[in-house]
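Trainee: These are the residues of each chain, in order.
Protein chains: 2
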Amino acid sequence: MRRMVSLQNEKVKLWKKLKIRKWRDREQKYLLEGPHLVQEAVFSARERVNTILIDEGFHLPADWPLDSIEVFQVTHKIFTELSETETPQGIIAVCDMSRASVKLRPGRYLLVDGVQDPGNLGTLIRTADAFGLDAVFLGDGCVDGHNAKTLRSAQGSHFHLPVIHHNLFSLANEMKELAIPLYGSSLQGNELHQASVSSPYYGLVVGNEGNGASPELLAEMDLQVKIPMAGRAESLNVAVATGILLYWLQAEGLA
Amino acid sequence: MRRMVSLQNEKVKLWKKLKIRKWRDREQKYLLEGPHLVQEAVFSARERVNTILIDEGFHLPADWPLDSIEVFQVTHKIFTELSETETPQGIIAVCDMSRASVKLRPGRYLLVDGVQDPGNLGTLIRTADAFGLDAVFLGDGCVDGHNAKTLRSAQGSHFHLPVIHHNLFSLANEMKELAIPLYGSSLQGNELHQASVSSPYYGLVVGNEGNGASPELLAEMDLQVKIPMAGRAESLNVAVATGILLYWLQAEGLA
Chain G
1 MRRMVSLQNE KVKLWKKLKI RKWRDREQKY LLEGPHLVQE AVFSARERVN
51 TILIDEGFHL PADWPLDSIE VFQVTHKIFT ELSETETPQG IIAVCDMSRA
101 SVKLRPGRYL LVDGVQDPGN LGTLIRTADA FGLDAVFLGD GCVDGHNAKT
151 LRSAQGSHFH LPVIHHNLFS LANEMKELAI PLYGSSLQGN ELHQASVSSP
201 YYGLVVGNEG NGASPELLAE MDLQVKIPMA GRAESLNVAV ATGILLYWLQ
251 AEGLA
Chain D
1 MRRMVSLQNE KVKLWKKLKI RKWRDREQKY LLEGPHLVQE AVFSARERVN
51 TILIDEGFHL PADWPLDSIE VFQVTHKIFT ELSETETPQG IIAVCDMSRA
101 SVKLRPGRYL LVDGVQDPGN LGTLIRTADA FGLDAVFLGD GCVDGHNAKT
151 LRSAQGSHFH LPVIHHNLFS LANEMKELAI PLYGSSLQGN ELHQASVSSP
201 YYGLVVGNEG NGASPELLAE MDLQVKIPMA GRAESLNVAV ATGILLYWLQ
251 AEGLA
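Protein sequence lines correspond, in order, to chains G and D.
Residues 1 to 255, numbered by the working numbering, are exactly what the first sequence covers, in order.
Residues 1 to 255, numbered by the working numbering, are exactly what the second sequence covers, in order.
Misleading hints may appear alongside valid ones.
To be verified - Straight-line alpha carbon distances no greater than 20 Å define the calculated SDA-like cross-link-like pairs of lysine to any residue that follow: (1) K149(G) with Q116(D); (2) K149(G) with E209(D); (3) K226(G) with E252(D); (4) K149(D) with K226(G).
To be verified - Have a look at the derived ranges for each label pair, beta carbon to beta carbon: (5) Q116(D) with T75(G): 55 to 61 Å; (6) G57(D) with E10(G): 15 to 21 Å; (7) K11(G) with G57(D): 46 to 52 Å.
In case anyone wonders, no lab produced these hints; they're calculated from the structure.
Built from N, CA and C at the ideal position, the CB exists for glycine as well.
Okay, chain G solo, but in the shape it has when bound (with noise of 0.2 Å):
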C-alpha cells in the first residue's frame, strides 16, 4: 500500500478528472464510492477494479480478494477532493467501464431512452438486475450511466450486468435482425390485461420522464402497451412503470 501526499501529483489529478463524465468517457474509468458498493465489485467483477483509495484511519477487510489490485492511501484532504458524497465513508474504487461486447443474441434487454435523473437511472439498473435481463443499453440522450448518483442508486448492479452507451436505432435494427421484439409503453399502447406476448426474448425500451420514448423509437415497435391506472397521477415514475412491465413480461413468460 502506498501513501499519497499531494494533489499535484499525476494520478491524484487523472482521478479528479474521473468525477466529470467527458473524462469518464475518454478514459472508461469511473470512481465508486462506499465500502458497500467496493465489496460489491470486488467480489462480483474483481476484473474490473483497478485501484482502490483509501482515506485516512479506513480499514480494509482482511477477506477481500485484492491480489491484483492497486491499493493507495491517500490524505484526508485529497479523500474529500475525490468524494462526492456529503458523508464521505472512507473507500473509492477506480473501475473499468464494462467491455462487455455489444454483440447481440437472442436475449432480454432494456433500451433507456433520455432518462435524465441519475437516481432513476440507477434505479432502473438495478430493477434490470432483479429481473434477471442481459444488459441496459441507454441511448444518446440519457444521464451518464456511470454518475456517482447513477451508481448509488443501482447498488451494485452494475457489477450483475452490462450497462452500455449505445445508439438506440441501430440497436432496434439489429434486434429485428435476430428476430428479437421491441415492446415499449405509450398511452396508445394496449393495457396490459389486454396484451400478450410470446417470445422469451425482448428489448422493452423505456422513455424520458416527461415525454416517454421518441416516436422514431415507438415507430419501431412490435407492441405498445400501458400500464391501467385508476387514479389521478398522470403517470407513474419511470422506474415504477419499468418494474411493473418487467414483472408483466415476466408472468407471460410464465403462464
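Since chain G is already given, all that's left is putting chain D on it; use the hints.
Mentor: Chain D only, in chain G's frame:
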C-alpha cells in the same frame, strides 16, 4: 397583493420555521414550492392553500382561482431564505396539512412502515395515487410526508389523496374490525403467481428500505407475498416493489 421587506416580520419568521418538521407538525402547515406543484394545489385543493409567496419578478398566471388566498410578494432575499431548491422558481405556497378524517371505511390503503428516503416516500405517494388508493398512512418511524423532497417527487399527489401520519398498529386493528385484509411483502411470502386475493379492499404494508416491514406488523398480516426475481440484485427499490404489488392487486381485482 402585499409586499414584505423585512426578514424580521412575524409572518416571515413563521414561514421559515416551516422548513423544520417539528414546526410543520405543530402548525399543521408546510411549504410547497414551484409553479407546477402550486398550480396543482390551487386547482385540486384550493381550500388547503393558505398563502402564496412570490419572488420579485414572478408573474402569477391570470387564470388561477385565487379568491380566498392571501398573496405576498417578498424580496428576493426573503424568497431565497424560504426556498429549499437549488434553482428556485419564484413561487411557494403555505399549505394546510390534510385534515381528512382517519375514520376508516372499507377501501384500499397503503401503510408505509419506516421508509427513510424522502424521494422514495414521494414516489410511493405518487404510485398510490396512480392506482387510485384511498389514503396513504405513514407509520411512526417514517420520514416526514411533507418534506420538500417528498412533495417534489410526489408531483402533486398530496392533493389527490390523504397523506396521514398515524400509528400503524392501531390502524391494523381498526382494519381487522372492518374485515379489511392486511397484505405485505416478505422473503417468507408466497410468490405472487402462487398467491391470490379475493377482497376488493386491502391495506398494503410496505417497509423500510433495508429491513422491510417490522416483524410486529408482519405478524398481523393476512397474506405475505414476495415478488419473484430471476436476477442477482438482492432486492428492488421500495417504490418499484410497491408499484408491482399494487399492479398485481389491481390485476387480481380484474381477474
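Trainee: If a hint holds in the structure, say so; if it does not, say that too.
Mentor: Each hint, compared with the structure:
1. K149(G) with Q116(D): holds, 17 Å
2. K149(G) with E209(D): Distance of about 17 Å is within 20 Å: holds.
3. K226(G) with E252(D): Roughly 17 Å between the alpha carbons, so the hint for K226(G) and E252(D) holds.
4. K149(D) with K226(G): Roughly 28 Å between the alpha carbons, so the hint for K149(D) and K226(G) is violated.
5. Q116(D) with T75(G): 55 to 61 Å: Because 32 Å falls outside the window, the suggested range is violated.
6. G57(D) with E10(G): 15 to 21 Å: violated, 48 Å
7. K11(G) with G57(D): 46 to 52 Å: holds, 48 Å
In terms of the numbered hints stated before, the structure departs from hints 4, 5 and 6, listed from lowest to highest.
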